Amino acid sequence: MDMLLDIISGVLLAAGSFFIIVGAIGLVRLPDMFARMHGAGVTDTLGAGLFIAGLMIQGGFTLITVKLFMILVFFFFASPTSSYALANAALSQGEKPWTRESDNTNDNKEDSSSKT
Amino acid sequence: MHAISLGLTLFATWLLLSGVYEPFFIFLGVLSCVIVVAIALRMEVVDRESHPVHLSMILPIYWLWLGKEIVLANIDVTKRILSPRLNINPTVFRVQASQGDELGKVIYANSITLTPGTVTIDIDDDDLVIHALSETSKGDLETGEMDRRVTALGGAG
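Just so you know, the sequences run in chain order A and B. So for the first sequence, numbering that gives the first Met the number 0 puts the first residue at 0; every next one is plus one. So for the second sequence, numbering that gives the first Met the number 0 puts the first residue at 0; every next one is plus one.
Next up, chain A with everything else stripped away, as it sits in the complex:
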C-alpha cells in the first residue's frame, strides 16, 4: 500500500514538474508580455496543482495535508489577481499586444520583447 501511494505521488510530482517546465519554456518562447502570461498560467495552475497533490499524498491524513490544501487555495486566488494587476499595468502604460499582423507589418518584435 505504501508502495502504491509512493508511485501515485511520484507520478503526480513528475507530471507537475513537466507542466512547470512547460510554463518556463513558454516564458522564453512566446513573443510578448501578454502571451508570456499564458505560459506562466500553466505553471500556476496545473503545474502547482499536480505538484501539491503529489505532496499531499506523501503527507497522508495529517495537518500538513490541510496546510498544503490551503496553499493551493491561496494560489488559485492570488495568481489571477496578480496576473490581472500585471496585465492591466502593462496595458495602461501603453504596451501593445503582439499579433501576427503587427509582426508582418513592422519588424519591431525584438524591440517590444526586450522592453518587457
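Read the hints as simulated data drawn from the structure, not as lab findings. Since the model is a prediction, treat every value here as computed from it, not as a measurement. The beta-carbon is built from N, C-alpha and C at its ideal position, and this holds for glycine as well. Hints may contain errors.
Some but not every residue of chain A turned toward chain B, in silico, with C-beta under 7 Å [stated by the list, open to error]: (1) M32; (2) A34; (3) R35; (4) A86.
Given the structure of chain A, go ahead and fit chain B onto it with the hints provided.
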C-alpha cells in the same frame, strides 16, 4: 450572521494551522479571532462581498467544473508552447459579463485569467477585455458557458 461565520472561519484556520491544542493556546486563538472580527466590524468590511457565505454550498460544484476546464486549457496551451512552429495567434477581444454585481464580475474575470490561454486585461463596465493566445481559447470563451455558470452562482445567493 457574516460576523459569526467570519469568526468561525478564522478560528478553524487557527486550529488547523497551529496544531497545538493546549487550553492556553486555544484561549489565545479565541481572543485573536474576537479582536479581528471586532476590528473588521469597525472597518465595516464584513458583508456578503468580503465574506460570501451564501456561495459556500454551490461554489465547490463550480470549482470542479472550472478545474476540468483548466486541465483541458492547460493541455491545449502546452501543445502550442511545445509545437516547433509555435502555433499561436494572439488576439484581444471583448466579452460581456452578465453578472450585474461586482462579486460575480470578479469571479468571472478571475476564472477567465485562471484558465490558461485567456487573460482578463481590463474591465470596462460590463465588458471584459480579454487577451487570448489562440482561436481555440477565444472560441471556448465565446460559447458563454462560463459566463452562464458564474451568473447562476449569483442567482443562487
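Verification of the hints:
| no. | hint | result |
| --- | --- | --- |
| 1 | M32 | violated (10 Å) |
| 2 | A34 | holds (5 Å) |
| 3 | R35 | violated (10 Å) |
| 4 | A86 | holds (4 Å) |
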